[in-house]
Amino acid sequence: MNNGQNLTVIFGKEKYTAEEIFYVNEEFFTKKLMDENSHKEAILFLEKIQESIINKNSILELFEYGNTSLWWFLYPTLFPKIKTTILFLNNFNKFLDEKKPSLVFIKNNFNYFKIICQLCKIKKIPLKFSKKNYMKFKMKEKIIILDKIRHEKIFSQKIKTRKNLFTKNKNSTSSNLDNNLIFISPTIYRRKNFDAENEKFQNNEFIFQQIIDMVKSNNLISGIDVDYTFRGDPNILQERLKSNMNWMPIESLLNFKKTNLQKIFLKNYELLISQYEFKKLFEYGGVNIWNSLHNIFLQMTYSHSFPFFLNLLDSFDELFSKFKPKTIFLLYETGPLVLPVIIAAKKYKIKTVGFAHSIIPKLWAKEMYLFRKDTPLCFPIPDHTLVFGKFSKDNLVEYGYPDEQIKIFGNPTFFNFEKIKKYFDKKSLNKKYNIKSDQKVILFTTQYLQKFHTTHGGFDYDVQILKELINNFGNNDKFKIIVKPHPSENIDIYKTLIDKNNMKNFDIIEENLFELITISDLILSIYSYSMMDAVCFRKPVIRVIFDNFEPKIPYDEFNVISKCHLKELSNEIKKILFTKQSAYENINGYEIFMKEQYDIPENNPEEVLNKILNL
Numbered sequence: 017m018n019n020g021q022n023l024t025v026i027f028g029k030e031k032y033t034a035e036e037i038f039y040v041n042e043e044f045f046t047k048k049l050m051d052e053n054s055h056k057e058a059i060l061f062l063e064k065i066q067e068s069i070i071n072k073n074s075i076l077e078l079f080e081y082g083n084t085s086l087w088w089f090l091y092p093t094l095f096p097k098i099k100t101t102i103l104f105l106n107n108f109n110k111f112l113d114e115k116k117p118s119l120v121f122i123k124n125n126f127n128y129f130k131i132i133c134q135l136c137k138i139k140k141i142p143l144k145f146s147k148k149n150y151m152k153f154k155m156k157e158k159i160i161i162l163d164k165i166r167h168e169k170i171f172s173q174k175i176k177t178r179k180n181l182f183t184k185n186k187n188s189t190s191s192n193l194d195n196n197l198i199f200i201s202p203t204i205y206r207r208k209n210f211d212a213e214n215e216k217f218q219n220n221e222f223i224f225q226q227i228i229d230m231v232k233s234n235n236l237i238s239g240i241d242v243d244y245t246f247r248g249d250p251n252i253l254q255e256r257l258k259s260n261m262n263w264m265p266i267e268s269l270l271n272f273k274k275t276n277l278q279k280i281f282l283k284n285y286e287l288l289i290s291q292y293e294f295k296k297l298f299e300y301g302g303v304n305i306w307n308s309l310h311n312i313f314l315q316m317t318y319s320h321s322f323p324f325f326l327n328l329l330d331s332f333d334e335l336f337s338k339f340k341p342k343t344i345f346l347l348y349e350t351g352p353l354v355l356p357v358i359i360a361a362k363k364y365k366i367k368t369v370g371f372a373h374s375i376i377p378k379l380w381a382k383e384m385y386l387f388r389k390d391t392p393l394c395f396p397i398p399d400h401t402l403v404f405g406k407f408s409k410d411n412l413v414e415y416g417y418p419d420e421q422i423k424i425f426g427n428p429t430f431f432n433f434e435k436i437k438k439y440f441d442k443k444s445l446n447k448k449y450n451i452k453s454d455q456k457v458i459l460f461t462t463q464y465l466q467k468f469h470t471t472h473g474g475f476d477y478d479v480q481i482l483k484e485l486i487n488n489f490g491n492n493d494k495f496k497i498i499v500k501p502h503p504s505e506n507i508d509i510y511k512t513l514i515d516k517n518n519m520k521n522f523d524i525i526e527e528n529l530f531e532l533i534t535i536s537d538l539i540l541s542i543y544s545y546s547m548m549d550a551v552c553f554r555k556p557v558i559r560v561i562f563d564n565f566e567p568k569i570p571y572d573e574f575n576v577i578s579k580c581h582l583k584e585l586s587n588e589i590k591k592i593l594f595t596k597q598s599a600y601e602n603i604n605g606y607e608i609f610m611k612e613q614y615d616i617p618e619n620n621p622e623e624v625l626n627k628i629l630n631l
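Count along the sequence shown from 1, then add 16; that gives the number in the numbering used here.
Hints were generated in silico from the structure; no laboratory data involved. Just so you know, these numbers come straight off a predicted model, no measurement behind them. Incorrect hints may appear among the rest.
[Stated by the list, open to error] Subject to a maximum C-alpha distance of 27 Å in a straight line, what follows is the list of computed DSS-like cross-link-like pairs (lysine-lysine):
| id | residue 1 | residue 2 |
| --- | --- | --- |
| 1 | K494 | K555 |
| 2 | K494 | K516 |
| 3 | K184 | K169 |
| 4 | K583 | K555 |
| 5 | K273 | K295 |
| 6 | K583 | K483 |
[What the hints assert, rightly or not] Using C-beta positions, here's what the derived DEER-type ranges look like:
| id | residue 1 | residue 2 | range |
| --- | --- | --- | --- |
| 7 | E114 | L513 | 48 to 58 Å |
| 8 | F44 | G416 | 27 to 37 Å |
| 9 | Q173 | Q291 | 44 to 54 Å |
Built from N, CA and C at the ideal position, the CB exists for glycine as well.
Whole structure, please, built from the sequences with the hints as guidance.
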């Protein structure tokens with residue numbers, strides 16, 4: 017083994033090692049993105065910054081606008097980047113200590129250039145870099161001004177399209193929100209759902225539809241569509257506008273005035289992020305990480321970020337001074353497009369109800385809800401927050417969320433669950449999906465773990481699983497393999513792989529998940545919450561784990577599913593399918609899991625809702 021005396025570490029895109037050369041890149045150090053320690057350290061790091069003082073002002077005060085702090089609007093973008101940067105720094109630091117190289121050479125991977133320079137200086141390791149490639153990197157950085165112009169054009173077109181759709185739609189004529197129950201929901205949450213009451217599938221509102229049905233007979237109902245996508249999705253908005261409910265895009269309620277106060281805030285903000293005292297705050301372990309973060313702070317000046325958030329704040333303040341809704345329901349209540357609604361509603365004493373649209377594991381509770389302090393500029397939260405079950409409530413309370421503001425409501429998708437299970441008939445569904453009676457059906461639900469997706473680090477773990485299934489079960493008529501892609505994925509990656517290998521017993525199906533679970537003998541995934549739905553249907557589940565990607569999720573705490581590494585997957589599948597051995601069948605905690613996660617059977621959600629509305 018090389019002792020490092022003659023070892024050169026080359027930071028670049030190549031993947032090659034020799035006795036005297038060790039090639040690395042940023043992925044080599046950031047691949048374990050679900051690392052819990054990095055998560056905790058990022059939280060502590062941000063807390064320290066938030067408590068810092070510059071010129072007698074706290075960070076929250078320096079970001080103050082009106083009666084809120086725009087620091088919280090920055091946080092959803094900033095936190096993941098800080099977490100990744102800390103992970104890189106810690107892992108690269110350990111790497112240098114282990115390898116003790118005689119030289120570090122940065123060839124063509126400069127994203128963490130300043131951090132590498134600082135670490136090498138601290139450890140007295142000689143550093144060289146390609147000046148030519150570094151200049152190319154710096155030139156790309158400078159086109160950020162052109163990037164800003166491009167973003168503004170796209171964002172402007174998005175707003176124009178959405179407002180025009182609203183204007184042209186005959187059914188959407190009212191913006192009078194007086195005494196209305198308002199439902200604010202992102203575009204992505206309208207989808208095909210099963211209506212248990214009427215026993216049919218139809219496009220409606222995810223989570224909210226059941227609540228709307230509970231209250232619509234005695235109340236005026238309006239919906240506000242918010243779109244978090246960069247370019248916008250006019251199709252869903254158009255569908256909402258043509259529905260029986262009074263929907264409007266959030267842009268139709270804005271005045272789009274650039275006030276002097278907005279201009280002053282943006283000017284002060286740009287001045288703040290240019291100051292040495294502010295940049296100095298971003299020191300971690302003796303290394304300043306500002307250069308890895310400065311683009312995020314700069315991009316907050318783009319039209320779709322701070323300028324838009326400022327307009328939202330002013331517009332909803334003006335709107336609620338004229339109209340007073342009865343109650344406002346919010347899906348994705350921590351999102352930056354609805355925080356202005358919560359802030360304005362509190363000012364005018366309008367009741368707000370947030371709905372956590374998924375279970376809330378501990379890490380998520382820390383990441384999305386922890387950053388609240390008992391100060392006037394604390395993170396804005398709704399008057400009430402509805403959660404699926406006790407598990408989510410306990411995690412929120414543990415990390416600072418006020419107990420009295422949380423209500424267990426259950427998962428509306430699973431209301432009338434016994435009726436739902438009875439509706440789905442496996443025999444008829446087998447005919448629909450061309451499943452033979454003697455075939456074992458394996459359902460693989462993916463989670464956009466594809467190379468070009470950066471959400472989870474740009475890994476190809478889903479592709480690796482599909483290859484493993486092809487190698488072990490391909491063209492074996494005893495098995496039917498169904499791939500259920502995540503809605504955000506590029507399914508061509510899977511289709512190409514299946515077609516290339518001429519897999520006749522593999523299908524990619526994007527139909528209703530409940531149907532696919534019903535026909536399946538086993539469900540497997542890495543991270544998808546479809547695994548939880550499968551447990552509810554009493555199906556055996558395998559969670560595939562990777563050394564670099566094993567997020568802690570509720571299944572682990574309740575021990576209701578099987579877990580295995582990729583190399584063990586084939587044997588684990590056969591063991592469960594042919595020996596009936598699975599975690600689910602060997603434990604007594606199934607009912608506890610169902611109750612704590614989804615509150616099944618539900619404890620009168622209508623009564624919970626009525627109490628909130630009548631308070």
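A quick look at each hint next to the structure:
| no. | hint | verdict |
| --- | --- | --- |
| 1 | K494 / K555 | 19 Å, holds |
| 2 | K494 / K516 | 21 Å, holds |
| 3 | K184 / K169 | 22 Å, holds |
| 4 | K583 / K555 | 22 Å, holds |
| 5 | K273 / K295 | 31 Å, violated |
| 6 | K583 / K483 | 12 Å, holds |
| 7 | E114 / L513: 48 to 58 Å | 36 Å, violated |
| 8 | F44 / G416: 27 to 37 Å | 36 Å, holds |
| 9 | Q173 / Q291: 44 to 54 Å | 35 Å, violated |
Against the hints set out earlier in the document, violations occur for numbers 5, 7, 9.
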